[in-house]
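Undergrad: One letter stands for each residue in the lines below.
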Amino acid sequence: MKSKYISCILVLIGLSVAEAQVDRSKLPEPGIPRPVNIGEYKSFELENGLKVFVIENHKLPRVSYNLVLNRQPILEGDKVGYLSMVGQMLRRGTEKRTKEQLDEEVDFIGASLAASSTSVFASGLSKYNEKILELMTDVTFNPTFPKEELEKIRTQTISNLAANKEDPSAISSNLRQALVYGKDHPYGEIQTEETTNKITVEDLKTYHDQYFRPNIAYLAIVGDVDFKETQRLIKTYFGSWENKAVPNPTYEIPVLPKDNIIALVNRSGAVQSAINITYPVELKIGSEDQIKARVMNQILGGSGSAKLFTNLREDKGYTYGSYSSLSADELVGRFNANVEVRNEVTDSSIVQIIYEMEQMKKGEISKDEIRLAKNSIAGSFSRSLERPQTVANFALNLARYNLPEDYYSTYLQKVQSISKEEVQAMANKYLKTKNAYIIVVGKANEVEDKLRPFGELKYYDTYGNEIDPSLSKIPDGLTAQSVFQKYIDVIGGKEKIEAIKSIKMKMQSSVMGQTMDMEQSKLAPNLSLTEVKMGGNIMQKIVFDGEKGKMSGMQGTQEITGDQALDMAISSAIVEELAYLNNGIEAKLSSVEQIDGKDIYGVEVTSPSGKTSIRYYDSDSGLLIKASNTLETPQGAMTVTGEFGDYQEFEGVLFPTKMTQPLNPQMKMDISVSEILINTEISADIFKIE
Amino acid sequence: MSNQTSMSSSLSIIFSVAIVWGFSQERRIEFEEYGLDNGLHVILHQDNTTPIVNVSVLYHVGAKNEPEGRKGFAHFFEHLMFEGSPNIARGDFFKIIESAGGSLNANTTNDRTFYFETLPSHQLELGLYMESERMLHATIDSTGIATQKEVVKEEKRRNYDNRPYGSILSETFSRVFKDTPYEWTTIGDMDDIDAATEEDFKKFFETFYVPNNATIAITGDIDIKETKKLVEKYFGEIPKGAKEIPRPKVEMKELGLVEAEVFDNIQLPAVIHAYQMAEQGSEDYYAMQMLTTLLSGGQSSRFQKEIVDNQQLAVAVGSFPIALEDAGVFIAYGILNMGKTPKDLEKIMDAEIARIKTEEISDSEFQKLRNQIENSFVSSNSTMRGIAESLADYHVYFGDANLINNEIQRYMAVTKEDLRNVAKKYLDPNRRVELTYLPKSAQQKPEEEEVEDH
Chain X
1 MKSKYISCIL VLIGLSVAEA QVDRSKLPEP GIPRPVNIGE YKSFELENGL
51 KVFVIENHKL PRVSYNLVLN RQPILEGDKV GYLSMVGQML RRGTEKRTKE
101 QLDEEVDFIG ASLAASSTSV FASGLSKYNE KILELMTDVT FNPTFPKEEL
151 EKIRTQTISN LAANKEDPSA ISSNLRQALV YGKDHPYGEI QTEETTNKIT
201 VEDLKTYHDQ YFRPNIAYLA IVGDVDFKET QRLIKTYFGS WENKAVPNPT
251 YEIPVLPKDN IIALVNRSGA VQSAINITYP VELKIGSEDQ IKARVMNQIL
301 GGSGSAKLFT NLREDKGYTY GSYSSLSADE LVGRFNANVE VRNEVTDSSI
351 VQIIYEMEQM KKGEISKDEI RLAKNSIAGS FSRSLERPQT VANFALNLAR
401 YNLPEDYYST YLQKVQSISK EEVQAMANKY LKTKNAYIIV VGKANEVEDK
451 LRPFGELKYY DTYGNEIDPS LSKIPDGLTA QSVFQKYIDV IGGKEKIEAI
501 KSIKMKMQSS VMGQTMDMEQ SKLAPNLSLT EVKMGGNIMQ KIVFDGEKGK
551 MSGMQGTQEI TGDQALDMAI SSAIVEELAY LNNGIEAKLS SVEQIDGKDI
601 YGVEVTSPSG KTSIRYYDSD SGLLIKASNT LETPQGAMTV TGEFGDYQEF
651 EGVLFPTKMT QPLNPQMKMD ISVSEILINT EISADIFKIE
Chain B
691 MSNQTSMSSS LSIIFSVAIV WGFSQERRIE FEEYGLDNGL HVILHQDNTT
741 PIVNVSVLYH VGAKNEPEGR KGFAHFFEHL MFEGSPNIAR GDFFKIIESA
791 GGSLNANTTN DRTFYFETLP SHQLELGLYM ESERMLHATI DSTGIATQKE
841 VVKEEKRRNY DNRPYGSILS ETFSRVFKDT PYEWTTIGDM DDIDAATEED
891 FKKFFETFYV PNNATIAITG DIDIKETKKL VEKYFGEIPK GAKEIPRPKV
941 EMKELGLVEA EVFDNIQLPA VIHAYQMAEQ GSEDYYAMQM LTTLLSGGQS
991 SRFQKEIVDN QQLAVAVGSF PIALEDAGVF IAYGILNMGK TPKDLEKIMD
1041 AEIARIKTEE ISDSEFQKLR NQIENSFVSS NSTMRGIAES LADYHVYFGD
1091 ANLINNEIQR YMAVTKEDLR NVAKKYLDPN RRVELTYLPK SAQQKPEEEE
1141 VEDH
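Protein sequence lines, in the order shown, are assigned to chains X and B. When you line the first sequence up against the working numbering, it's residues 1 to 690, in that order. When you line the second sequence up against the working numbering, it's residues 691 to 1144, in that order.
Derived from the structure by calculation, the hints contain no laboratory data. Keep in mind it's a predicted model, so treat the numbers as computed, not measured. All C-beta atoms, glycine included, are put in the ideal place defined by N, C-alpha and C. A couple of the hints might just be wrong.
Only some residues are given here: those of chain X computed to face chain B with a beta carbon under 10 Å [said to hold, decoys possible]:
| no. | residue |
| --- | --- |
| 1 | Q21 |
| 2 | V106 |
| 3 | E364 |
| 4 | D368 |
BS3-like, lysine-lysine: derived pairs with alpha carbons at most 25 Å apart [to be verified]:
| no. | chain 1 | residue 1 | chain 2 | residue 2 |
| --- | --- | --- | --- | --- |
| 5 | X | K361 | X | K429 |
| 6 | B | K995 | X | K152 |
| 7 | B | K846 | X | K127 |
| 8 | X | K131 | B | K995 |
Computed, partial: chain B to chain X, Cβ under 7 Å [said to hold, decoys possible]:
| no. | residue |
| --- | --- |
| 9 | S811 |
| 10 | H827 |
| 11 | N1065 |
Throw the hints in and build the complete structure from the sequences for me.
TA: Written out as structure tokens, the structure reads:
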């Protein structure tokens, strides 16, 4: 009777809830958060030291294997880049399989297989479990590092490095590494063409032999597997993996600069400054501070709702975005705040970033900011748990960094319990506004004076080497004309150049591994014909008859007239510099830059049509070494640079025989000259335009 | 919010299919579905493994429903739906979800518009409230319209006009689907958007953004009974739409050989072949899906191995079928390597397609296809958001949400002969659109032709 009565009341309450008018004027109250279940894992260790974690998850019939090597960072010395090559090469051939066979067998079971110098990852359907394991262990244990594959990767790497040379974000990254860690620290080494060329198959083999060892390895297995069966399989496939002591180097911890240092990298054509405020921090993974410091950084610059973004983009409109990061690391972490802005607001942007850092230190942090930061960290933590891989990562981290067992299961509680005072304490501990490197990659003569108030101003080249700014002044009396004159003199002199009536050049060009033949003929004063050939067929032809030009190829035909023809009348000369002087072309000596310890003069040349380009001459040799132009691209105006080198003498005159020609901001054509014929008979007919 | 083109979303439909077949019963995706009095269709899937919940609302309206002279309307609406409501201030929609620890987005295709939030499960009610607010009374006013016009224009510049090859779909659709409501793509025409009035938008909202044109899918850490109550609480009071919902008919025209050159901001020319194809869900469609895997699925696929690795004619090559509700298109494409001509590439692409028609595919290659397709299925529907989208799509397009559990059988029913037959039936070189993408710098201007005559 009593229970019936109660249930009646419940029904009534239920009805009244359902029928009540919804109050839409305020947000619904959240329910009670459900405890987060991190998920369980089992682990075992083989006799050879391999530690294995198994996360059984039968929701989907899939399995993944993630093998991780836990080693100390390695100094690569004069072979920077070999570690990243190890990973790419593991997948390119084993004692049992060629690259093609690997591709075929991986595709056949719809699986995926990837590697780096410290990991091998494989995944696929659990019914192919053993096949996946077999493929994975084959690349792990038996890689052959074929020489021809190494050369393919080397070529790609070098062309990527060349493309990066002009890229402000790549330059900033070089500077961050070199300054925060120092170039003799494993985190501070910078890969160049030179270091890439030194890498040998032996290096990769030696590394593999030294470091692919079970005693430093962890294997996380996730998915539709049975623990017992997995134990058996792992013993079968990994049991005979031999252990061996692995080098365990130690490194000095980088220190903060005593005062702010402004590190300026000059990019004479830049319209934007890329700014980074950065310094090393001591923040260990899993340390007491880590979660609190993460909340602190989230408020400062962790998202589109954070202080930096709100100030620099929403309020000031300086930029598309501004963010900060605070990384924890076993060796040494780093703080970094970054923004890209137009030249005029370079100093104002630094002021605003420092201002927001100071606000954090003063505790000018609202309740809403803290709530938003904590909830979005908690939200992304919870969402990440949907993937069973997350549990595997947690298991690996617990083991690798020796974290307390409940580190992840109490993560959300720790986030939610953080107070404003703790956030402020973190800001005071980890935000440095007086011991930072303020790195600016931009146009020096427009920004340098405004940067001085922030600290000591130092100049760097694009690889993070300090250079002497006093050398970056244009010497008195030096003009564009005298730079041209010196060039003309060193390549052989006016007389010898003018004695050249015709020139025929044969060249090979290559773009992304694709090669073509090119031939260029010139007849003094300014007739020219350039042909690009493939397999004997002419792919493209550009001809100039002294007054007008024509470009034809597989994409149609285009006449060159008007301003463009005026420009071509200059560029078709046997030696352009002589044509500049003879035709009174407008030119200005605009910069002195230091590249690899040498002074390089930049001369801004304005063509008859009004286009400007900067030509760079080595102050010692007097030779032209590079030239940059501005290209209109869908992303806005961009500077592209071509290079000239390996000058050789022909009939008493030096000509560059190795060149690069930019096709667009991402792609360059490498040109090498195989033959130059001077004053051979060239018929004027070939320059005729019908 | 991002705008997914019909390409990507159709692909996601293709791949977001069942994960259960030939496996034990516990791998079924269990769900419950029912309708509210106002016509809103509700699908619930409970999975308490992780304390998160996904709330998704699908409106059965896409670019094909746009009235004459209003191309791009459906996608524009997607943007407008984040402008708020009488109870949610302008600009707060994102902030509210984010400060509750959630993430959110939306996308539009030719056939439908889709919105979702993924939240910690104790914020389920907030997700329902937010979605019900915009279904009940989204803010549609001149300020919001003006703001979003600029945003959408910027999106068009960034993702279509300035993106190399960004116009492939619109150039293809306008020819393959000529004189049908699939003729234009979701981003539409900026002049049409500019010309649209507040009245137009209100009418569109009243016609299509009604519960009887919507499906809500809620997946994740929920209690079914409690969730039903909350759905009724927030959506029950939304009135059924008073207007009839127009469903345009798609009548495909026979396609001949259509050739065109497109000049774009690109460096490397590209070849695009587009063929008419069966609509989604048809038997032929499943065979075409297998066929595309044969041509371009993985490092060892036929296009990749022959065209990119062996002959090095192209830097990239591929194929993909786009299956829409009422029709489809199959696209094969290649981006030329430096110094190669479109003709060379065309020849070899055609040769590879001709091979499918004449040579029998080996048992092991056929098995590879089935394995690859199987793996894609199993890997899809691994998140609550993916499951919600699949359930809603299956219900709306096929009236059968359970396809999430058994559509794989349709793929596995495809035979080697079916592959040959669909190749013959659809991939006819005399019935296709051939687009050649060329660098803008190579474009010939009329006056220059005159000069040439001198």
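Undergrad: Of the hints stated earlier, which fail here?
TA: Hints 3, 7, 10 contradicted; others consistent.
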